[in-house]
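A.B. asks: The residues making up each chain are set out below.
There are 8 protein chains.
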Amino acid sequence: MHPTRLHALLTKVARRQISVAGAVAALKRLPFENLEFVKVDHHRHLRQGFPEVVFGEGKSQAQIVAISRTLWRQSGTALITRVGAPAVRALRTAGLPVRYHTRARCAVVSRHRPPAPAGRVAVLTAGTADIPVAEEAAVAAAWMGARVEKIYDVGVAGIHRLLVHYSRLSRARCAIVAAGMEGALPSVVGGLVPCPVIAVPTSVGYGVAWRGLTALAAMLSTCSPNVLTVNIDNGFSAGLCAGLINRLGARLP
Amino acid sequence: MHPTRLHALLTKVARRQISVAGAVAALKRLPFENLEFVKVDHHRHLRQGFPEVVFGEGKSQAQIVAISRTLWRQSGTALITRVGAPAVRALRTAGLPVRYHTRARCAVVSRHRPPAPAGRVAVLTAGTADIPVAEEAAVAAAWMGARVEKIYDVGVAGIHRLLVHYSRLSRARCAIVAAGMEGALPSVVGGLVPCPVIAVPTSVGYGVAWRGLTALAAMLSTCSPNVLTVNIDNGFSAGLCAGLINRLGARLP
Amino acid sequence: MHPTRLHALLTKVARRQISVAGAVAALKRLPFENLEFVKVDHHRHLRQGFPEVVFGEGKSQAQIVAISRTLWRQSGTALITRVGAPAVRALRTAGLPVRYHTRARCAVVSRHRPPAPAGRVAVLTAGTADIPVAEEAAVAAAWMGARVEKIYDVGVAGIHRLLVHYSRLSRARCAIVAAGMEGALPSVVGGLVPCPVIAVPTSVGYGVAWRGLTALAAMLSTCSPNVLTVNIDNGFSAGLCAGLINRLGARLP
Amino acid sequence: MHPTRLHALLTKVARRQISVAGAVAALKRLPFENLEFVKVDHHRHLRQGFPEVVFGEGKSQAQIVAISRTLWRQSGTALITRVGAPAVRALRTAGLPVRYHTRARCAVVSRHRPPAPAGRVAVLTAGTADIPVAEEAAVAAAWMGARVEKIYDVGVAGIHRLLVHYSRLSRARCAIVAAGMEGALPSVVGGLVPCPVIAVPTSVGYGVAWRGLTALAAMLSTCSPNVLTVNIDNGFSAGLCAGLINRLGARLP
Amino acid sequence: MHPTRLHALLTKVARRQISVAGAVAALKRLPFENLEFVKVDHHRHLRQGFPEVVFGEGKSQAQIVAISRTLWRQSGTALITRVGAPAVRALRTAGLPVRYHTRARCAVVSRHRPPAPAGRVAVLTAGTADIPVAEEAAVAAAWMGARVEKIYDVGVAGIHRLLVHYSRLSRARCAIVAAGMEGALPSVVGGLVPCPVIAVPTSVGYGVAWRGLTALAAMLSTCSPNVLTVNIDNGFSAGLCAGLINRLGARLP
Amino acid sequence: MHPTRLHALLTKVARRQISVAGAVAALKRLPFENLEFVKVDHHRHLRQGFPEVVFGEGKSQAQIVAISRTLWRQSGTALITRVGAPAVRALRTAGLPVRYHTRARCAVVSRHRPPAPAGRVAVLTAGTADIPVAEEAAVAAAWMGARVEKIYDVGVAGIHRLLVHYSRLSRARCAIVAAGMEGALPSVVGGLVPCPVIAVPTSVGYGVAWRGLTALAAMLSTCSPNVLTVNIDNGFSAGLCAGLINRLGARLP
Amino acid sequence: MHPTRLHALLTKVARRQISVAGAVAALKRLPFENLEFVKVDHHRHLRQGFPEVVFGEGKSQAQIVAISRTLWRQSGTALITRVGAPAVRALRTAGLPVRYHTRARCAVVSRHRPPAPAGRVAVLTAGTADIPVAEEAAVAAAWMGARVEKIYDVGVAGIHRLLVHYSRLSRARCAIVAAGMEGALPSVVGGLVPCPVIAVPTSVGYGVAWRGLTALAAMLSTCSPNVLTVNIDNGFSAGLCAGLINRLGARLP
Amino acid sequence: MHPTRLHALLTKVARRQISVAGAVAALKRLPFENLEFVKVDHHRHLRQGFPEVVFGEGKSQAQIVAISRTLWRQSGTALITRVGAPAVRALRTAGLPVRYHTRARCAVVSRHRPPAPAGRVAVLTAGTADIPVAEEAAVAAAWMGARVEKIYDVGVAGIHRLLVHYSRLSRARCAIVAAGMEGALPSVVGGLVPCPVIAVPTSVGYGVAWRGLTALAAMLSTCSPNVLTVNIDNGFSAGLCAGLINRLGARLP
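Residue numbers (this note's numbering), protein chains in the order written: chain A, 1 to 253; chain B, 1 to 253; chain C, 1 to 253; chain D, 1 to 253; chain E, 1 to 253; chain F, 1 to 253; chain G, 1 to 253; chain H, 1 to 253.
In short, the hints are calculated from the structure, not lab data. Ideal Cβ positions, reconstructed from N, Cα and C, are used throughout, including at glycine. A portion of the hints provided could be inaccurate.
Said to hold, decoys possible - If the Cβ cut is set under 10 Å, some of the chain E residues that face chain B in the computed set are:
| hint | residue |
| --- | --- |
| 1 | H7 |
| 2 | K59 |
| 3 | Q61 |
| 4 | A62 |
| 5 | Q63 |
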């Protein structure tokens with residue numbers, strides 16, 4: 001129901017041109033339509049606590065600029081993932097204040113410096129080839145207000161490389177672990193830390209690594225019960241969720 | 001928003017205790033909650049034109065009796081699929097007027113004779129092993145008011161068996177074709193008839209028939225553009241949809 | 001059996017040079033051959049109520065022009081799907097009256113304006129990336145005579161975006177829903193409308209979206225019984241079938 | 001390195017029978033062995049903040065009793081998942097104080113009442129067949145100290161059933177959503193709530209539901225970025241992780 | 001078109017009540033219907049040179065008896081595959097002259113001794129577990145008139161076991177090779193013989209033998225170009241085809 | 001055992017320098033080595049009745065020329081499959097007498113005209129996109145001495161297109177059927193003809209056509225028992241086997 | 001070539017009834033047949049250094065007894081895998097000297113005590129459910145003469161449990177690692193030891209553990225280059241290969 | 001625990017500023033941190049007996065140069081796999097002493113000639129297209145000190161080609177067999193030799209060769225118990241493991 005129609009109906013009630021029971025009946029009949037006036041995007045930010053994010057892949061530069069500007073005006077910030085340097089130049093040309101994270105292929109639009117981060121999120125990778133995915137996660141977590149600790153290239157073939165970081169790991173409120181190939185690192189990390197671990201399978205590997213499917217299935221089949229998983233190469237969701245989890249702890253005085 | 005609260009708000013508007021703009025704002029703030037008073041089940045029947053159907057598999061006899069009775073009281077009829085003889089006896093013991101379709105493993109609860117069917121739906125099978133699935137489809141289509149023409153065991157290995165039924169086929173408003181193994185029959189039927197064909201892959205076959213997956217993939221890959229597909233062994237959905245399609249034509253005087 | 005031979009046989013009957021029983025026997029012996037004289041393409045149009053459609057992918061411009069011209073001459077119209085701008089220019093150069101639908105990548109050859117559309121078909125998409133597939137469906141449905149209502153970018157992550165279109169949805173005789181990724185939208189739409197829903201999985205997504213397979217399997221596994229499915233990215237079949245379904249209702253005075 | 005050996009070495013240092021540099025060298029040479037004295041189980045509880053959990057499936061009653069008793073003595077509590085009534089009777093016969101959650105098939109061993117729960121975790125299901133998995137999640141979350149809000153049978157085919165619970169949903173620190181078949185519910189819930197959503201695919205469905213794989217792939221391919229996923233039917237991990245997340249918020253005064 | 005109608009039409013032609021051109025037109029209009037009078041089963045035997053075969057699996061004893069009797073009366077012989085001893089007893093009770101091949105689980109109904117076999121078909125297996133499938137093939141080939149040479153348990157792990165049979169192999173007109181696990185034997189046989197090789201993957205094996213799929217895919221990927229393949233465990237088709245191939249050579253004086 | 005060694009041993013026997021029993025023992029000890037002197041390529045031709053064939057894909061022009069020349073010199077003919085125009089030019093430059101079949105992408109090296117073909121092999125396709133694969137089969141069958149009858153574009157969506165060719169079909173000793181998408185044509189042809197049918201799945205199609213896998217699985221799951229299958233797009237093996245089968249019948253006077 | 005024929009030929013040579021060149025030619029002509037006299041089973045033991053092993057699954061007790069007796073008589077020992085207690089009783093009844101390894105489900109037939117083992121093979125498991133597979137490997141390795149060190153239940157979720165065994169691990173000539181679920185343990189072990197690691201995926205786990213496939217694919221995708229893999233649950237091959245590898249080192253004085 | 005901290009603690013013990021029991025307690029508390037001082041790379045070489053190897057694919061030339069130089073300085077040698085000519089030129093420009101193996105696409109950095117090889121490793125291929133993978137294995141095995149015997153193009157379609165190499169095969173301590181398509185060769189080789197066989201599936205083939213998966217599954221399902229498998233195209237691991245196995249035998253005086 002469009003607000004104008006709603007307004008008209010209520011005016012009739014006020015003028016006693018329609019009974020209260022009749023107005024209730026009218027409103028009852030249309031269970032869904034009365035959502036028509038929702039300010040779509042603004043409402044989403046209020047409802048969920050974070051604005052929409054732009055998935056850059058497959059979008060034209062013009063589309064990226066248009067959507068980013070709208071989100072930035074509404075929310076004061078916009079995050080664009082999977083975006084290349086040319087689209088970032090287009091954002092700058094359009095006058096938007098952009099910081100570009102090259103390895104993460106993410107752009108953040110914001111005039112203001114982010115507030116000081118609170119709470120630690122650890123981001124680990126098994127190998128160097130997993131770093132781009134981990135960086136996407138790191139940018140997203142930082143954008144959500146977390147302080148990110150990066151621990152890269154600590155795969156299970158040299159387990160002592162991981163163990164030396166034990167104390168840093170144990171301070172995190174959430175750990176993100178990006179790994180391809182056999183995807184074993186999240187299980188090991190899960191057995192070490194007292195917090196939730198978000199496993200991100202990457203498409204690194206060949207043969208029966210099946211472009212990340214083996215890592216994904218391994219992470220889901222983990223023997224560590226505190227491991228949660230996202231889609232292959234989906235660093236962004238991992239970072240956003242780690243940010244949400246970190247925020248819970250961040251409410252502390 | 002509960003009706004009492006809605007009533008109270010509207011009363012305030014009527015009494016001018018709250019301005020129209022204020023009431024609009026109050027209603028805006030809660031975009032979802034105002035659905036709370038929907039009469040759930042009754043509303044569904046009104047909204048979709050057919051009542052809920054009971055999927056019998058994995059439900060206890062007590063559950064089947066309870067849900068069927070409720071639906072029957074609301075809608076005057078209830079359809080239970082994938083139901084065995086013992087549960088049907090339980091329905092009878094509970095005093096419900098049941099007709100049981102053995103091969104289809106479906107039960108229809110209704111006191112009244114169904115109205116005379118209108119419009120034709122053809123139901124075909126490739127082999128005899130596909131008949132139980134086809135029967136489920138036939139019961140559902142008939143329950144939706146269609147007159148069902150059964151043409152069974154007309155698989156493509158003896159294509160003349162199908163061709164002799166050409167004139168019966170061409171009178172149907174919708175054709176349902178159940179086939180397992182290579183699932184080729186819907187393509188052939190699709191090339192013969194002027195109406196939509198609903199293909200139902202069955203789990204008949206062995207080896208790389210892959211319990212119906214090959215038939216399903218073949219049906220989806222068909223070269224006949226008027227073929228639509230449902231899940232493996234899902235005769236019910238095929239029958240219901242054929243009934244919906246037939247009903248459109250049935251509005252004719 | 002070629003008509004000349006048939007003619008000769010019947011002449012013999014007329015001249016009593018062969019008995020009736022002998023002629024029956026002669027005709028019985030060749031169960032299949034007597035189809036030889038069927039006017040292949042023209043017969044198809046009569047048999048099915050819609051002419052053949054040209055699948056442009058993988059065909060040369062010369063092939064597309066030749067086939068389209070033949071179909072157009074026979075049927076007065078031709079639809080070419082998955083066709084690029086160069087082939088469309090070749091059609092124009094060849095003197096065919098073409099309208100090109102860029103987003104749908106479809107061309108319609110026809111000298112005449114289509115008759116006024118009758119009956120509504122709703123075409124929905126979950127995201128913006130699904131629009132090309134939806135447009136193909138829309139062109140096909142319109143070509144079959146339907147009036148198309150487009151409701152795009154109403155994916156389930158913001159369910160209120162869909163709900164505001166409830167009344168438009170409920171007027172359709174058939175709804176087409178294109179969605180990639182998790183493919184959840186057809187289930188939700190299926191629960192809202194009283195008509196058949198044709199679900200079109202799209203290859204949008206990455207990782208275990210498996211180029212549309214996850215959406216396809218989700219649509220086939222739907223809990224809404226009025227959902228039918230076509231192959232991944234097969235907007236054309238969805239549109240054609242929606243057109244066939246709509247036509248049933250369109251027979252109304 | 002066993003503590004006795006360590007003690008001997010340090011005694012030598014104290015007696016100056018070995019130089020400090022020599023002792024450093026001795027310790028350096030054996031990077032892994034010096035873990036030998038770790039009190040395995042007790043250390044794990046300290047390290048991770050939750051004790052080991054017994055996966056009952058495939059274990060004999062004697063094994064279940066033995067392991068449960070050990071864990072209970074060490075940690076004051078033990079959780080056994082996927083355990084049937086006979087093993088529970090064996091636990092009781094062995095004198096352990098057990099509460100058995102029938103639908104969840106989980107047993108909790110503890111003499112003390114759990115402390116009052118703090119923080120809300122919502123547990124939702126799409127259908128009734130998903131409830132056993134959801135109950136396992138609920139038991140685990142409650143065991144971790146959370147207050148559990150159950151919202152069952154709110155699948156997307158009747159989306160209004162979910163929307164009426166909007167306000168309850170929005171109070172949760174974490175939502176768990178169990179769904180089989182097309183697995184669409186977590187995407188819809190993810191779009192409504194401001195907290196992380198843990199999706200649990202269930203093996204409910206047939207045909208291309210592929211015993212939960214379709215639901216799993218759909219959940220991983222979700223368009224809602226705040227959704228995390230666990231293995232098929234793994235209610236326990238979902239509950240434990242929700243408990244960990246809830247605990248972060250629970251540190252509030 | 002039913003013969004009576006055809007007769008009536010031709011009578012009209014004979015009586016000059018209808019012109020020859022009019023009769024041609026009448027016959028043209030119904031391209032498919034004129035098959036209606038085909039004697040279905042008898043025609044098949046004439047058309048293909050072998051009668052229908054009964055697939056016993058999933059059929060009741062009554063069904064098996066009924067179909068077998070009909071086929072036997074029409075063709076003088078009937079082959080029933082995948083049939084157990086109880087159904088064979090039922091066939092005997094019904095008075096049918098049955099020979100039962102226990103290992104092959106096949107029954108042959110015939111009063112007469114088969115004619116002396118002509119031409120050799122070799123049937124090989126890789127292991128002993130493949131023998132039941134090979135026996136089904138052997139029965140079918142013999143039923144088609146071939147002389148069968150059995151060479152069992154000659155898998156590639158002991159290649160000399162195969163090589164000693166080289167001269168027997170080289171006399172065959174067609175070789176059937178049943179193998180499970182890695183399915184390598186058909187490739188080796190294909191490289192030795194000058195005739196077509198029909199590979200039959202069996203469901204023997206475990207793990208990634210994937211119930212015969214690995215053997216099937218290996219056989220289809222063979223580096224020996226004279227290998228043809230049938231479905232997993234489909235000994236019958238292999239035997240029938242070998243029989244057809246052997247028959248070509250058997251036409252020799 | 002190298003011939004020189006063999007010669008020396010036999011000389012010793014002739015000179016009575018070693019007893020017969022001793023020579024038998026010496027030969028027994030080395031079961032495999034005595035193959036060392038086999039003239040590899042020439043032996044193969046004698047053993048199998050057809051020379052090796054060159055698979056051109058992935059080979060350099062130099063390799064193709066060298067292998068083809070060797071085979072041609074040994075056998076008087078060479079067949080090269082999957083070969084492009086540039087390699088064919090290189091063969092000509094090298095002085096080899098080549099005929100190139102463009103659509104089949106096959107080259108035949110031979111100075112002599114092939115002998116008059118004997119026996120018919122039918123080659124069918126479902127669509128026009130399957131023709132290149134069918135042409136490869138046709139070239140191979142012709143190279144093996146068969147007379148090839150091509151029946152193209154007779155897919156099951158217009159089944160009458162196939163039926164008009166019934167009499168041509170029934171004269172063939174072997175039928176090859178190439179089809180992509182749902183791969184239904186071999187089943188229909190199998191039901192019509194009295195000879196073996198070799199089904200060739202092609203990678204034509206999209207979505208769940210799975211690059212030919214659906215067609216392959218459908219062909220293997222066929223309800224027509226006289227259908228044999230080769231790998232996806234493997235026209236060559238189909239043609240070679242059809243040639244072998246045809247040759248059996250060709251021994252007729 | 002049968003020895004008698006060989007003997008006759010050589011006699012002719014001795015008697016100068018045939019020239020040496022003629023005898024060479026005669027032997028050349030039959031490249032394969034001359035293997036006919038190989039003593040099949042005995043030869044295998046000599047050729048490979050280990051006798052055949054009986055795979056008990058699917059064999060009758062009579063078959064197991066017969067084959068085991070033959071092998072035992074030839075080789076002095078027989079190993080039967082996947083064998084249950086009843087068959088073992090049958091072996092004993094038949095008078096064979098059997099030792100039965102219950103957890104491994106393996107039986108060893110031998111009158112003599114095995115010689116003292118030499119060289120160490122480590123056998124590890126991730127969990128307790130993997131132990132039966134590991135025991136099968138241990139029995140096979142011991143049967144091949146190795147000294148087996150068992151290190152069970154040291155999965156990666158508690159990595160310190162593994163590390164305490166570092167010195168035992170580093171003494172092994174070969175390590176066997178059995179793991180189900182995510183199959184991560186072989187990678188970790190591979191990174192610690194200087195010897196080859198044989199990974200044995202087990203079918204332990206549920207959901208996307210896919211009955212061992214995930215563990216298998218993870219092991220094949222390992223980042224540790226010294227890991228080799230066998231089929232799911234194939235403890236026997238792992239043990240036999242470890243025995244072969246160990247034997248190489250065992251040649252040391 | 002960093003060495004400085006360890007030194008300080010021990011100094012306190014030496015000075016009796018802390019009791020021995022107190023020092024033990026301090027060391028116990030930090031089970032993992034005391035690994036911090038491990039010299040990572042050097043330690044690995046000592047621990048495993050072979051240095052790290054550089055996987056060249058996806059690394060920049062700068063990265064390859066930097067890592068190779070470091071490894072070369074530490075270990076005196078470096079092996080780079082999957083590396084192209086340009087990166088090799090960059091290594092040379094940087095002053096590293098490189099030998100490049102073109103077919104293997106491997107580079108070895110070393111100033112010294114390798115010591116004389118000891119022990120034989122046989123490397124076989126089924127076809128010529130498998131040679132690049134086999135060459136990678138050969139380079140790795142040679143780098144590990146083995147003498148490599150290459151036996152190429154001995155696929156099972158011409159089994160005598162393999163058998164002539166029997167005596168060479170039987171001298172090897174380990175055999176590596178690279179094969180694509182149906183992957184049958186390792187089974188045959190496994191049945192001939194007394195040593196472990198490492199099977200390397202290659203991505204050679206088309207259709208259901210599935211880019212090496214069929215060969216892999218066939219190798220894992222082998223009926224020869226002495227076959228071990230690595231990932232598709234992973235020649236390097238096969239060579240390294242063969243080198244490790246060969247080294248065990250090489251310890252002989």
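A.B. asks: Going through the earlier hints one by one, which of them does the structure break, listed in rising order?
C.D. replies: Hints 1, 3, 4 not satisfied by this model.
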